[in-house]
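Given next are the chains, with one letter for each unit.
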Amino acid sequence: MRPVHVRGEVLSRKRVGAYHQITLIAPGVADSARPGQFVALAVGGATSGLLLRRAFAIYGATPAGVYGGTVQIVVAVRGGGTAWLASLDQGDPVDVVGPLGSPFRLPARPVSAVLVGGGYGSAGLFGLAQMLRGRSCRVDMVLGAASADRLFGELEAKRTAVSLEVTTDDGGAGRRGVVTDVLPEVIERAGAGVVYACGPMPMLRACGDVAASYDIPCQVAVEESMACGIGVCMTCVLPVVGDDRVTRMVRSCVDGPVFAADRVRWDDVGTVPADALGATPARAPVAGAS
Amino acid sequence: MRPVHVRGEVLSRKRVGAYHQITLIAPGVADSARPGQFVALAVGGATSGLLLRRAFAIYGATPAGVYGGTVQIVVAVRGGGTAWLASLDQGDPVDVVGPLGSPFRLPARPVSAVLVGGGYGSAGLFGLAQMLRGRSCRVDMVLGAASADRLFGELEAKRTAVSLEVTTDDGGAGRRGVVTDVLPEVIERAGAGVVYACGPMPMLRACGDVAASYDIPCQVAVEESMACGIGVCMTCVLPVVGDDRVTRMVRSCVDGPVFAADRVRWDDVGTVPADALGATPARAPVAGAS
Amino acid sequence: MRAVDFLTAPDVDMGAALAGRRFPNPVFTASGCAASGRELAQFFDVAELGGVVTKSVMLRPRAGRPTPRMAETPSGMLNSIGLQGPGIDAFCSHDLPWLVEQGARAVVSIAGSSVQDYAELAGRLAEQPGVAMVEVNISCPNVEDRGQVFGCDPGAASAVIRAVRAEAARGVPVFAKLSPDVTDIVAVARACVDAGAHGLSMINTLLGVVIDTDTLRPTLAGTTGGLSGPAIRPVAVRCVWQVHAAMPDVPILGMGGIATGLDALQFVLAGASAVSVGTAVFADPGAPVRVLAQLREALAERGFPRFSDAIGRAHRPPDPMPVGNENVDVTAEEAAEHDDAVR
Amino acid sequence: MRAVDFLTAPDVDMGAALAGRRFPNPVFTASGCAASGRELAQFFDVAELGGVVTKSVMLRPRAGRPTPRMAETPSGMLNSIGLQGPGIDAFCSHDLPWLVEQGARAVVSIAGSSVQDYAELAGRLAEQPGVAMVEVNISCPNVEDRGQVFGCDPGAASAVIRAVRAEAARGVPVFAKLSPDVTDIVAVARACVDAGAHGLSMINTLLGVVIDTDTLRPTLAGTTGGLSGPAIRPVAVRCVWQVHAAMPDVPILGMGGIATGLDALQFVLAGASAVSVGTAVFADPGAPVRVLAQLREALAERGFPRFSDAIGRAHRPPDPMPVGNENVDVTAEEAAEHDDAVR
Ligand SMILES: Cc1cc2nc3c(=O)[nH]c(=O)nc-3n(C[C@H](O)[C@H](O)[C@H](O)COP(=O)(O)OP(=O)(O)OC[C@H]3O[C@@H](n4cnc5c(N)ncnc54)[C@H](O)[C@@H]3O)c2cc1C
Ligand SMILES: Cc1cc2nc3c(=O)[nH]c(=O)nc-3n(C[C@H](O)[C@H](O)[C@H](O)COP(=O)(O)OP(=O)(O)OC[C@H]3O[C@@H](n4cnc5c(N)ncnc54)[C@H](O)[C@@H]3O)c2cc1C
Ligand SMILES: Cc1cc2nc3c(=O)[nH]c(=O)nc-3n(C[C@H](O)[C@H](O)[C@H](O)COP(=O)(O)O)c2cc1C
Ligand SMILES: Cc1cc2nc3c(=O)[nH]c(=O)nc-3n(C[C@H](O)[C@H](O)[C@H](O)COP(=O)(O)O)c2cc1C
Ligand code: FES
Ligand code: FES
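Residue numbers (my numbering), protein chains in the order written: chain Z, 1 to 290; chain Y, 1001 to 1290; chain V, 2001 to 2343; chain X, 3001 to 3343.
Isolated chain Z, as found in the complex:
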């Protein structure tokens, strides 16, 4: 699972709804990639004023083959970096580091699993779905988005999952509402023993709550702003409770992005809880702060 740093190349890029699905030739990245991990791409080319890499969940990974390994990602244009990625053509070089992060944990024994994806968040779930099925797990899926064009992978989900529920905020596709409106019935119908979720933070939290109400575990992949993506800078932290019940500010890039939903202190994300290890008393003067 050691990440590699390679100069990759765009094999293809196509629009899928509001997104760009990009396949990158990136030898070595796919070899050890596991569901829930991500790649970090340099953006802007040689003259770029954008310093930091951009993180994208691995949607697909093909270790060998004619191209010596490819990875697929799904990109939503947000700012300058993603706009640049969305402008790439076949053959354009892309600098890739990956696979990064801790993958989803897999059930030790076959169990029924519900996979919940919000927006492009579903991209990170298809590799997981495949792997779960390979382990004889029943897989049901729930996809939600603001609008129909922001759903990703509906067709693939239909093929992959035993059942698929779709929700949109505006009712443009599937049921009007949010994923947690339908999650309880899917869990019940499937007799689910675990929930996996990937999408915006409020959705992850809500999925965790639903899973908790059924007393089943929920694994979530969070998306925190990252400077390095490899664990050296400490920008991507959030308060997570450890096995020892101690809250620590843990790095979502290496200790995550996958966490057990019931370990994340959702109320305190964006703060340092007073009881976190090493929390300084509020408003106390500190000597340095880098």
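Among the hints, erroneous ones may be present.
As the list claims (entries may be wrong) - Covered stretches of chain V, going by a simulated chain X footprint (3 or more residues, C-beta under 8 Å):
{"no.": "1", "stretch": "2101-2112"}
{"no.": "2", "stretch": "2210-2218"}
{"no.": "3", "stretch": "2222-2234"}
What the hints assert, rightly or not - Simulated pairs of lysine to aspartate or glutamate, DMTMM-like, Cα-Cα distance not exceeding 25 Å:
{"no.": "4", "chain 1": "Y", "residue 1": "1014", "chain 2": "Y", "residue 2": "1031"}
{"no.": "5", "chain 1": "Y", "residue 1": "1158", "chain 2": "Y", "residue 2": "1185"}
{"no.": "6", "chain 1": "Z", "residue 1": "158", "chain 2": "Z", "residue 2": "181"}
{"no.": "7", "chain 1": "Y", "residue 1": "1014", "chain 2": "Z", "residue 2": "223"}
{"no.": "8", "chain 1": "Z", "residue 1": "14", "chain 2": "Z", "residue 2": "188"}
{"no.": "9", "chain 1": "Y", "residue 1": "1158", "chain 2": "Y", "residue 2": "1089"}
{"no.": "10", "chain 1": "Y", "residue 1": "1158", "chain 2": "Y", "residue 2": "1181"}
{"no.": "11", "chain 1": "Z", "residue 1": "14", "chain 2": "Z", "residue 2": "154"}
{"no.": "12", "chain 1": "Z", "residue 1": "158", "chain 2": "Z", "residue 2": "169"}
{"no.": "13", "chain 1": "Y", "residue 1": "1014", "chain 2": "Y", "residue 2": "1092"}
{"no.": "14", "chain 1": "Z", "residue 1": "14", "chain 2": "Y", "residue 2": "1181"}
{"no.": "15", "chain 1": "Y", "residue 1": "1014", "chain 2": "Z", "residue 2": "89"}
{"no.": "16", "chain 1": "Y", "residue 1": "1158", "chain 2": "Y", "residue 2": "1169"}
{"no.": "17", "chain 1": "Z", "residue 1": "14", "chain 2": "Y", "residue 2": "1009"}
{"no.": "18", "chain 1": "Z", "residue 1": "14", "chain 2": "Z", "residue 2": "223"}
{"no.": "19", "chain 1": "Z", "residue 1": "158", "chain 2": "Z", "residue 2": "188"}
{"no.": "20", "chain 1": "Y", "residue 1": "1014", "chain 2": "Z", "residue 2": "149"}
{"no.": "21", "chain 1": "Z", "residue 1": "14", "chain 2": "Y", "residue 2": "1089"}
Just so you know, the hints here were simulated from the structure itself, not pulled from any lab data.
Idealized CB from N, CA, C, for every residue including glycine.
Here the structure of chain Z is known, so what remains is to put chains Y, V and X with the ligands in place on it, guided by the hints.
Chains Y, V and X with the ligands only, in chain Z's frame:
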């Protein structure tokens, strides 16, 4: 001659020897462009960390036509900005400001003219050659470069000029040597009344010296590092003697790039001569320096 | 459907005031990045701007530094012009009247080698009609003798400002232009205000050096130069933030790396009452008018009916329901979260 | 044809010395940009570097600042981590031994809230084997109370260094890491050297603010952050230039925006005896080893048989004929021109 600022587009790019010849669709730029002027291009695209425009002599300019006006330039790859330009494909956007700078001054009456181009410097001379011929001037050309691949426009020069002499430092094409080795004989053969030169600074100076020895005027287009290209920043100055015999630090972007060779104080380029208007006594303390 | 009048860019009142002097809008050029406006008039009408801040003028004509005077740096540039200019006489007979003729508001930047120089310059300008404001450049980072930088010492800065105020025309605001190259910019700002500055321009460039790895020598003939452009924007916004926090009633002309309307908005939210667009002009000669249009649009989108409502806004926790903004929904929870972040 | 042995990269002696301590080469990581080396070991052998400078460690475990802790800026970034870390005990039992085991040279950065803290930290480290050097972080720009910044006051800086020197192990160099956010960096540098610092690391980040134009509030939870990356490189090179000019015998560990071998060479020519690669690691996890290879190559191309020959080279006029360099031809005229530029 008022410059315009347009979002242009690459119509074509092709390699010519060591250079890239690029035709840009840039409506309005060609309309008033005159020989010796230049365009300033933004480089690096939307995410660029390269702040400043790059200057390129106008090689060709077609005011009207299907594309609403095009300009041609010849680019030698030097650093990040020119490398970016050399990577552009047809249809790629390029932000253009031009035409900029003072053009070559034209003879009032028909006269025999020798045009001397060093490296890509010849690019700026073809428009001039055409205009001179249109005014019934005899045109002879001298092209020089370090090596054969760094010559530009040999064929076109052959078609355009009454005679063409070629020199290369390594003897790879034409005569081994530099342009001023052959300039005297060309001047004599042509009975030249004026010399125009475009190329590296030492060449311009040497051409000016040769012209002076024949007591004929020499117009040169200099290439000073420029931040703004439009006359507002004062980075591009060199010491030039005015009609009043006073030396001033003049802007090569608006007062040039074309100067009379005998007005440029070649020895003092890169310095502020002590007798220049406003020169501060050496090493005297000064209050501010922006 | 109910008819709703949404706030659009043309509705936004862009009027700006600096120390009582009113300007049609808050976007200015920056000293040394627009000469005296004439060259930019090829690209837009200079009267469309809040004002044109002219290149710092000295008592006598000045040839400036040798070349190279410029080095490009990542998202920035270093300059070492050495205050090349025509001197106050030529400026007053040639440049200033032209600006007045265009209907532009001339903000005249002055620079001197001694307190006396500054006083004389201010006196000369007091005789001239059409000076909308005086900007006192006490902060040149690329001087050859660092000890000579007025703006790096509260005492020297205050002496200059006092001398200028004594000579300047009544009713013409005097702004002190600060250098960021100081340990405590609030202290310098306070010294200037105490000495009579009506407001503060900030920031001037940061002192920098680039080494040419081919010649193995500094790239600039003058060794050091002033760093400007987007690279320095976070430092500039920080300076505006700190000074506005300390002296919320002192107007600030903010600058340093502004290239877009949203960049300008950062300065305004941090506490600037107006902004200057400097280095961005080199990349885009129309940058000042573009920034103005983008700022207007950005204010409309955020529900600010008046530009002035946005000044210093980032120092206050968000309103539970921002004025006139239909799109933003701030919950009590989010507001509390932001409150927490205020220190 | 005559056989000529051209100088190639493998020939260059990259050995570096900092205050008598020898390192195999002059390329280090930067504090806070490499954690304690473990994560980077996935990408390269940390023993290949001159040294690994660890994240500043404090006496006790520390959770740091709330998020957001980062904002990207043009060619740079702002960070406000708040010195999150495990504390000196965990560091000494967990991180330091790992580095020693790898055969890496551990440069331990320490940070405290009081002079006493620093002294205790230095004392703790004095007991540990395998500490190659101590870097004293007295220069944190993103403190909540600006008055608390030791590095912005020569007196406070010198008190810290004196205390550290009193406790530190003999033979282990102590470097003071300076902040650029001061009026006179030479004064702070001198105070540190007078107090016993064997050398100086510079620069730490510049204090900056970014305003989020959507929330209308500062982007960072802690409001201010430290600006790093190529954007600040000219400021960093200037600091190194000034301090080396004032104290040519004091070794400098230079940093600030180094992303390539030529960037590193700028620092060396300006006077650095070694360099740290910081933010560039975020863009390229292998940056330190790449920079090392590029620097070696650049030295060979320029005819430097020894890295140490390049230190401070930009302060001297070019040699009439650079040692071992076949490609550069400096005429007397050019040399004279360069001489002129020296002030
Ligand atoms: C683990 C992980 C997985 C992700 N997977 C995907 C994916 O599969 N598809 C997809 O479209 N996006 C994904 N994102 C979000 C994606 O990284 C951001 O949209 C992208 O960084 C924005 O870059 P920009 O230059 O377009 O936007 P800007 O807003 O201009 O970015 C400015 C800075 O903020 C950071 N940033 C901005 N938004 C985010 C964000 N949401 N998360 C993290 N950093 C951010 C950027 O990295 C950059 O440093 C993922 C993020 C993380 C952390
Ligand atoms: C009036 C004029 C006309 C020119 N015409 C041509 C032409 O027809 N064809 C051509 O190939 N080149 C021409 N040049 C030179 C061209 O502008 C530079 O090669 C180019 O700016 C280098 O950019 P870069 O990013 O590739 O190089 P870098 O070296 O990375 O550039 C760094 C900085 O230095 C400046 N700079 C570097 N070299 C020069 C130079 N020689 N002159 C001016 N500024 C420089 C750049 O503008 C930039 O700000 C001309 C320059 C001027 C001033
Ligand atoms: C080429 C150049 C010349 C400058 N000349 C002056 C000057 O004469 N007086 C002055 O007060 N500031 C001068 N400045 C500083 C700018 O006015 C401005 O404060 C600084 O560049 C930061 O803004 P910017 O990043 O938008 O350029 C100059 C800046 C540049 C780039
Ligand atoms: C995320 C981050 C954390 C940092 N933490 C520390 C620190 O703990 N101690 C310290 O002395 N410097 C710290 N620094 C400053 C760097 O060591 C370095 O001095 C600065 O970033 C300039 O170098 P660069 O541009 O190469 O990053 C930190 C910088 C960054 C970007
Ligand atoms: S992004 Fe740097 S530690 Fe996670
Ligand atoms: S390049 Fe700005 S004045 Fe000539």
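Going down the list of hints, with the structure as the test:
Given a C-beta distance limit of less than 8 Å, the hint that chain X covers the stretch 2101-2112 of chain V is violated, as 0 residues qualify and 3 are needed. Residues of the stretch 2210-2218 of chain V lying with their CB closer than 8 Å to a CB of chain X number 7, which satisfies the three-residue condition for coverage. With 11 residues having a Cβ less than 8 Å from any Cβ of chain X, the stretch 2222-2234 of chain V passes the three-residue criterion, so the hint holds. Taking the CA atoms of residue 1014(Y) and residue 1031(Y), the gap is about 24 Å. The hint holds against a cut of 25 Å.
For the hint linking residue 1158(Y) to residue 1185(Y), the alpha-carbon distance of about 18 Å falls within 25 Å, and the restraint holds. Taking the CA atoms of residue 158(Z) and residue 181(Z), the gap is about 19 Å. The hint holds against a cut of 25 Å. Taken as a hint, the residue 1014(Y) and residue 223(Z) pair is broken in the structure, with Cα atoms around 44 Å apart against an allowance of 25 Å. Taking the CA atoms of residue 14(Z) and residue 188(Z), the gap is near 37 Å; set against the 25 Å cutoff, the hint is violated.
Between residue 1158(Y) and residue 1089(Y), the direct Cα distance comes to roughly 30 Å. Violation of the 25 Å bound is thereby established for this hinted pair. Among the hinted pairs, residue 1158(Y) with residue 1181(Y) is consistent with the structure: their alpha-carbon atoms are about 19 Å apart, no more than 25 Å. Our distance criterion of 25 Å between C-alpha atoms is met by residue 14(Z) and residue 154(Z), whose separation comes to about 16 Å. Restraint check for residue 158(Z) and residue 169(Z): the C-alpha separation of about 20 Å stays at or below 25 Å, so the hint holds.
A distance of roughly 14 Å separates the Cα atoms of residue 1014(Y) and residue 1092(Y); the hinted pair therefore holds under the 25 Å criterion. About 59 Å separates the Cα atoms of residue 14(Z) and residue 1181(Y), which puts this hinted pair outside 25 Å; it is violated. Under the criterion of a C-alpha separation no larger than 25 Å, the hint pairing residue 1014(Y) with residue 89(Z) is consistent with the structure, at around 20 Å. Taking the CA atoms of residue 1158(Y) and residue 1169(Y), the gap is about 20 Å. The hint holds against a cut of 25 Å.
A hinted pair counts as satisfied when its Cα atoms are at most 25 Å apart, and residue 14(Z) with residue 1009(Y) qualifies at roughly 24 Å. Taking the CA atoms of residue 14(Z) and residue 223(Z), the gap is near 24 Å; set against the 25 Å cutoff, the hint holds. Between the alpha carbons of residue 158(Z) and residue 188(Z) the distance comes to roughly 19 Å, so the proposed pair stays at or under 25 Å and holds. Only pairs whose Cα atoms come within 25 Å are accepted, and residue 1014(Y) paired with residue 149(Z) is rejected, the gap being roughly 40 Å.
Among the hinted pairs, residue 14(Z) with residue 1089(Y) is consistent with the structure: their alpha-carbon atoms are about 20 Å apart, no more than 25 Å.
Of the numbered hints listed earlier, those contradicted by the structure are 1, 7, 8, 9, 14, 20.
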